[in-house]
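> As given, the protein sequences belong to chains A and B, one line each in that order. Just so you know, my numbering puts 136 at position 136 of the first sequence, and the rest follows in order with no gaps. Just so you know, my numbering puts 50 at position 50 of the second sequence, and the rest follows in order with no gaps.
Keep in mind that the hints are not guaranteed to be accurate.
For chains that are exact copies, the list does not tell them apart, and a pair is met inside one copy or across any two.
What the hints assert, rightly or not - BS3-like cross-link-like pairs, simulated, lysine-lysine; straight-line CA separation at most 30 Å: (1) 50 <-> 170; (2) 138 <-> 112; (3) 48 <-> 138; (4) 138 <-> 205; (5) 138 <-> 170; (6) 48 <-> 170; (7) 70 <-> 138; (8) 70 <-> 48.
Because the hints were derived from the structure by calculation, they are not lab data. Please read all numbers here as calculations on a predicted model, not as lab measurements.
2 protein chains.
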Amino acid sequence: MIRHGSIERFLDELASRSSTPGGGSVAAMVGAMGAALLSMVCHLTIGKAKYRDVEEELAAVLARTEQLRKQLMEMADEDVASFSAVMRAYAMPRQTPEESALRTQAIQDALKEATRVPLRCCRVCREIIDLSAVVAQKGNSNVLSDAGVAAVAAHAALRSGALNVMINVKAVTDRQFVADQLTELDGLLSQASAATEACYRFVSKAIS
Amino acid sequence: MIRHGSIERFLDELASRSSTPGGGSVAAMVGAMGAALLSMVCHLTIGKAKYRDVEEELAAVLARTEQLRKQLMEMADEDVASFSAVMRAYAMPRQTPEESALRTQAIQDALKEATRVPLRCCRVCREIIDLSAVVAQKGNSNVLSDAGVAAVAAHAALRSGALNVMINVKAVTDRQFVADQLTELDGLLSQASAATEACYRFVSKAIS
């Protein structure tokens, strides 16, 4: 699993001529870093007298950011697995019409899964952006910049996931599936941009 | 060193109640992932007959992205070291006027260094965004989405570095230093937004 290896090894494998891991795993890891930073700000807020009023709310946020962080770490591997499944499907034999039909079906199934994984990453990152705004407004102001970093990291992860949805959905022939995925993606992207800019502006103004 | 530890450990330490590593190290790591993805696209382009015309140019890009990746990996540790130096300076004794003066000077020196490190991260990420555009336009189109991910990752890293510059420069009393840092930062931020949006639009249009 990617998360058990060293950071240097992950970066070396990213940079290598192998196409996995790639941008989909980066999206998941960058999102996980955003979630982790929110957990840190929650930890540095909870238990402090000055922040007693928001303690309960931030404890709930912390439980959620830790769940999302775990999901995103797993998605880094799921992205590699789903891409490998696409490659395996393309490598299936197609000597007979039966083989060809089986191969086509396997490719379509694999491409759909390779679309679902980054779309789930986008959904989770959308939620992290919202949680960043809560943490920025209510968390320990000494580490306010970290809540801002969480928002921009989650936004980059969402947009990175979006590029992976787009490139993988392109060859899917099920038009309803394509339309559904792209409609959801558009909604996530447009909400996320506005929310991220608002959080970044709030943080940069408050720390300046 | 952060890069020699596992990804899971880095994320656990980020999420913990210790304020290091924090957003500054995340900025450096996210930038390093962007650089690594550009290296991957270059590797998957160089040596292919279809891309012979751009081979020399992308070999030069690859040499540069690998240099920048190395610098960013080191910056993740430098950020922790510079933050720790600020904490150590604040903890210095101030019983006598002499001690107080020494402490004030040490705090100011440490804060300046804690501003220079993320500003260097911003400069490097600005360059990665430009290189992303070159790689997106000329690199192997099968992995075009990865060049787009590199651009948005580098942009998030730049903005994250910027928040760290802002929060650390705030207590610096040398007005000329503050003005110089913030002027350079403003320039980097405004150029980077436009360049990132152009690259993201180019990639998302090309893969759709």
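> Within a copy, between copies, both or neither: which one fits residue 138 and residue 170 at a CA-CA cutoff of 30 Å?
between (42 Å within a copy, 21 Å between copies)
> Have a look at residue 48 and residue 138 and pick one of within, between, both or neither, based on CA distance no larger than 30 Å.
Only inside one copy: residue 48 and residue 138 sit 12 Å apart there, 53 Å across copies, limit 30 Å.
> Within, between, both or neither: how does the pair residue 138, residue 205 come out at a Cα-Cα threshold of 30 Å?
within (15 Å within a copy, 39 Å between copies)
> Given a CA cutoff of 30 Å, do residue 70 and residue 48 count as a within-copy pair, a between-copy pair, both, or neither?
within (26 Å within a copy, 39 Å between copies)
> Pop the pair residue 50 and residue 170 into one bin, within, between, both or neither, using alpha-carbon distances up to 30 Å.
between (52 Å within a copy, 22 Å between copies)
> Between the shortest in-copy and the shortest cross-copy C-alpha distance, which are at most 30 Å for residue 70 and residue 138: within, between, both, or neither?
within (24 Å within a copy, 36 Å between copies)
> Is it within, between, both, or neither for residue 48 and residue 170, if the alpha carbons may be no more than 30 Å apart?
Answer is between; shortest inter-copy Cα gap is 24 Å, intra-copy 51 Å.
> As a check of your reading, is residue 138 near residue 112 (CA-CA no more than 30 Å) within one copy, between copies, both or neither?
Between. Shortest inter-copy distance 28 Å satisfies the 30 Å Cα cut-off; intra-copy 40 Å does not.
In this structure, none of the earlier numbered hints is contradicted; all agree with it.
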